[in-house]
Amino acid sequence: MGNQIELLQGTLDLLILKTLVLEPMHGWGIAQRIQQISQDVLQVGQGSLYPALHRLEQRGWIGSEWSTSDNNRRAKFYSLTRAGRSQLEKELGEWERLSAAIALVLQQS
Amino acid sequence: MILRKLRKVFTRPGSQDSDEELRFHLEKEVEKNIASGMSQAEARRQALIAFGGVAQTRESLREVHRGRFIEALVQDLRYGWRMLRKSPAFTIIAVVTLALGIGANTAIFSLIDAVAFRSLPIPDPQGLVILRWQAHHRPETHEYRSGGDCRSNMDKGTGCSLSLPFFKDVHAQTGAFSHLAAFTGTQLLDLSGSGPARIVRGEFVSGDYFSTLGVHSHVGRLLTEADDIPEAPAVAVLNYEFWQSAFGGSPSVLGKVIRLNGVSYTVIGVTEPAFDALTLANKYDVWVPLASRTSLIPHWSAKDEQMDHWNLVIIGRVKAGVPVAQAQAAASLIFHNETVKGAKPIFKAEHEPAIKLASAAREFANSQTKALQPFYVMMMCVGLVLLIACANVSGLLLARSAARQREIAVRLALGASRIRLVRQLLTESLLLSMMGGTLGLLLAVWGARLLMALVTAGSLNPPGFGPQLDWRVLSFTAGVSILTGVVFGLAPALRGSDIGLTSSLKSGDGGLNGGSRLRSRRFTLGGALVAVQMALAIVVLVTAGLLVRTLTNLRHLNPGFETQNVLLFNVDPRLAGYKGPQIDNLYRDLQEKFSALPGVASATYSWLPLLGGALSTESFHRPGTPPDSKDQVDGDVLPVGPNFFATLRIPLQSGHEFTPADFAAAAVNSGDKPGSAPLPRL
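Heads up: the protein sequence lines correspond to chains H and V, in order. Each residue of the first sequence is one higher than the last, beginning at 3 in the numbering used here. Each residue of the second sequence is one higher than the last, beginning at 1268 in the numbering used here.
Hints in this document: simulated from the structure, not taken from any laboratory. Computed from a prediction, not measured in an experiment: that's the story for all the values here. A few of these clues could be false.
Unchecked claim - Heads up, simulated DMTMM-like pairs for lysine to aspartate or glutamate below, C-alpha to C-alpha not over 25 angstroms straight-line:
hint	chain 1	residue 1	chain 2	residue 2
1	V	Lys1299	H	Asp72
2	V	Lys1353	V	Glu1885
3	H	Lys92	V	Glu1338
4	V	Lys1299	H	Glu93
5	V	Lys1299	H	Glu25
6	V	Lys1523	V	Asp1543
7	V	Lys1299	H	Glu67
8	V	Lys1570	V	Glu1829
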């Protein structure tokens, strides 16, 4: 567990939006997916996940719906809205520019 | 089993949706741990550790929602303010309309507030108790007088007037009260000895009246028990307000001798300015000791202070540490003994006479409810006015929302939810009503003063209170404003946000042609508003009409005598010490002198003025039959002077007017038995 990294402010929103591009998911699924894909480097606790989900929902970037998951249990599934899709593109662009800029600065010194 | 325990973790009041979501998360975490080979208990433990603080998460979720709400509110307010500024004519008309409606309501409420919620102007008003008697029967008293400070209902067997001997006995025999005082109602006194003679309102109080109330002196000293014995020198205490108006607030009044009903009193002090009166109906200019009643009131004799003359109100404070019930029982015991076993029994034992200790503040306030009745009527009237104002502003808003349809349609198309739009429109109407309420508050202060000035103009006995702005009035105004905003804003807001998107956007002229469904519904709501407005207006119109009619009827009512050019005044020579034949001579003398004045057609006098609200009744029986026989009748009697009928232009059916010569004749009121001849016989 020692190789976990604290997420930068704002990057969690980007990760959530990106994760939801493929299919609607519930909160736990999103957290698992981020953890898997980052090969356990990024672990998202519920304490930051759910406030972020609710905030994104209020901004209209994701929508939510209660439906049944495995074992017939009710779960809240989040999905990307159209506004969320364009927001994701915007944030991806910003992220690429930011990381490229940081990389440039770091390589320089 | 695990699930039940998990549920326990989350079952706390809060957003259920969020709780269920978090619970699901935890359950999945446990499942994952089990799948990786942990025991159930261990899986749950690890899951909880990984999960972290539930309460914090729940709080931060709440924060997300709350922040959103405030953000939206600020946004709505800013937007609403911009929209209102964009159409200043609409805003001004709406705000002024609402200000008039809310202002009228606030004005009347501030007057009701001043009377109904008045607190006694004394320290620790809650500790002051009043002694109420109660029994299953009306008391067989010889005299029962209430000064109007506390309500009595003899037939229901309860009241506040008690006898002097009872007061003295409770005072002397029970140790349960730290203070006990008595006072007796309104007494008009003739004040002379300082400038021209005048009538003042005086109250007889026991020596510990002021110490019981906790009232201090402004200058000099107040009455003590030593002043309230028959042998003590006669002293008087002045009300601060009276001291200001009659003596210019000069401290040299101390030691000055004034004459009340011809009896000399030395002024010993002035009460503190904060203490004006116990009840607004009874404000007194001067207080004198109870013991001086005998010398001050004409025809007052020692028998008027006996056990069966109930004319005192008794107030007190229960000693610290003594239960109220114990003080009550002690007073009741004395009361029972005196009224049942006394020389002249007032109750029978089965009537169970007793004394109850009631809150003086509440009893005094209850006695004022009659004064409130006209205000309640006014409150209803201004309530109707406010409803009309609401209907008007609602109509204006509706017309505006029709014009704003395009704007609203654009916002809907951009993804705003309907609830969000209704909230926006309601915020706007609340903004309007709050502005109206603020302006209304100013109008109310000014209006209530004007109202009181109109009501009290020329009144000898001003009600002694004015409008005041306290937290009750302010919260009333705030409440009315919010309610008003919702009442007039809700219908237009719901209506305004319910529009067909496509048609509204397509029509180029701001949405007035917004589809047939829309048009028909808009006119329905508009029509309903007009109907409500008309109905309310008609109610107000009819009420006003009835009021005016009543007033003109009163003006044209024929009371049986001529009311034109009749001047009236009162004089009570007994207060100046006149007795017996002196009084008759004075009246006759006055009548002659007034009749001789140029411009005076005729003058007369009577015991009571006509339509003065008072009358006196006597029993008549035939000469030769014993009183209390069956043919005894009761009749209203008005003793009058010579020329009474001529002066008031009352036509006589037969017979002739009293002349100074035949003062032994009686005139029979022909109104009782039409056609019967007068019987000038005695």
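Structure-based check of each hint:
{"no.": "1", "hint": "V/Lys1299 - H/Asp72", "in the structure": "holds, 13 angstroms"}
{"no.": "2", "hint": "V/Lys1353 - V/Glu1885", "in the structure": "violated, 77 angstroms"}
{"no.": "3", "hint": "H/Lys92 - V/Glu1338", "in the structure": "holds, 24 angstroms"}
{"no.": "4", "hint": "V/Lys1299 - H/Glu93", "in the structure": "violated, 32 angstroms"}
{"no.": "5", "hint": "V/Lys1299 - H/Glu25", "in the structure": "holds, 21 angstroms"}
{"no.": "6", "hint": "V/Lys1523 - V/Asp1543", "in the structure": "holds, 22 angstroms"}
{"no.": "7", "hint": "V/Lys1299 - H/Glu67", "in the structure": "holds, 24 angstroms"}
{"no.": "8", "hint": "V/Lys1570 - V/Glu1829", "in the structure": "violated, 43 angstroms"}
In the structure shown, a violation is registered for the earlier hints numbered 2, 4 and 8, in ascending order.
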